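Colleague: One point on numbering: in the numbering used here, the residue at position 25 of the sequence shown is 12, and numbering is uninterrupted.
Worth flagging that the hints you see were computed from the coordinates, not collected in a lab. Here the structure is a predicted model, which is why all the values come from computation and not from measurement. Hints are not guaranteed to be accurate.
[Unchecked claim] Here are the computed distance ranges between Cβ atoms for each label pair: (1) A(-11) - E27: 40 to 50 Å; (2) N71 - A(-11): 20 to 30 Å; (3) S(-7) - R65: 19 to 29 Å; (4) D46 - A(-6): 42 to 52 Å; (5) A33 - K(-8): 50 to 60 Å; (6) A40 - R61: 10 to 20 Å; (7) D30 - K9: 22 to 32 Å; (8) N71 - K16: 27 to 37 Å.
In this text, a Cβ means the ideal position worked out from N, Cα and C, and glycines have one as well.
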Amino acid sequence: MANIKSAKKRILVNRTKAARNKSIKSGVKTAIKKVTVAIEANDKDAAAKALTAATAAIDKATTKGVYHKNTASRKVSRLAHAVNKMA
């Protein structure tokens, strides 16, 4: 355990930020899974709507600094490609 006051604060702040990041990442994973499920069910309308929601969630996570912009771009690209492949 840290002895210095600033080090103790860093530990608390890091825990808070880690919890926030975990929550945001979990939301993104859920959104991606909804797209995948719609694709497997061969439901074009649901897949398109889920893709829009997933893209928004990924972009929001990128804005908050949870994902690097290239990682976010790759995730969106792969999802869009999978949805477009259905049509």
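Colleague: Would you mind marking each hint as holding or not holding in the structure?
Modeller: Consistency of the hints with the structure:
Between A(-11) and E27 the Cβ separation comes to about 48 Å, which falls inside the hinted range of 40 to 50 Å. Remark: the range hint 20 to 30 Å for N71 to A(-11) is contradicted by a beta-carbon distance near 51 Å. S(-7) and R65 have their C-beta atoms about 42 Å apart, which leaves the hinted 19 to 29 Å range violated. A hinted range of 42 to 52 Å for the beta carbons of D46 and A(-6) is inconsistent with their spacing of about 35 Å.
Here the CB-CB span from A33 to K(-8) is close to 52 Å, well matched to the stated 50 to 60 Å. The hinted range of 10 to 20 Å is satisfied by A40 and R61, whose Cβ atoms lie roughly 18 Å apart. Range check, D30 to K9: Cβ separation about 30 Å, and the 22 to 32 Å hint holds. Taken as a hint, the range 27 to 37 Å is violated for the pair N71 and K16, whose Cβ atoms sit roughly 21 Å apart.
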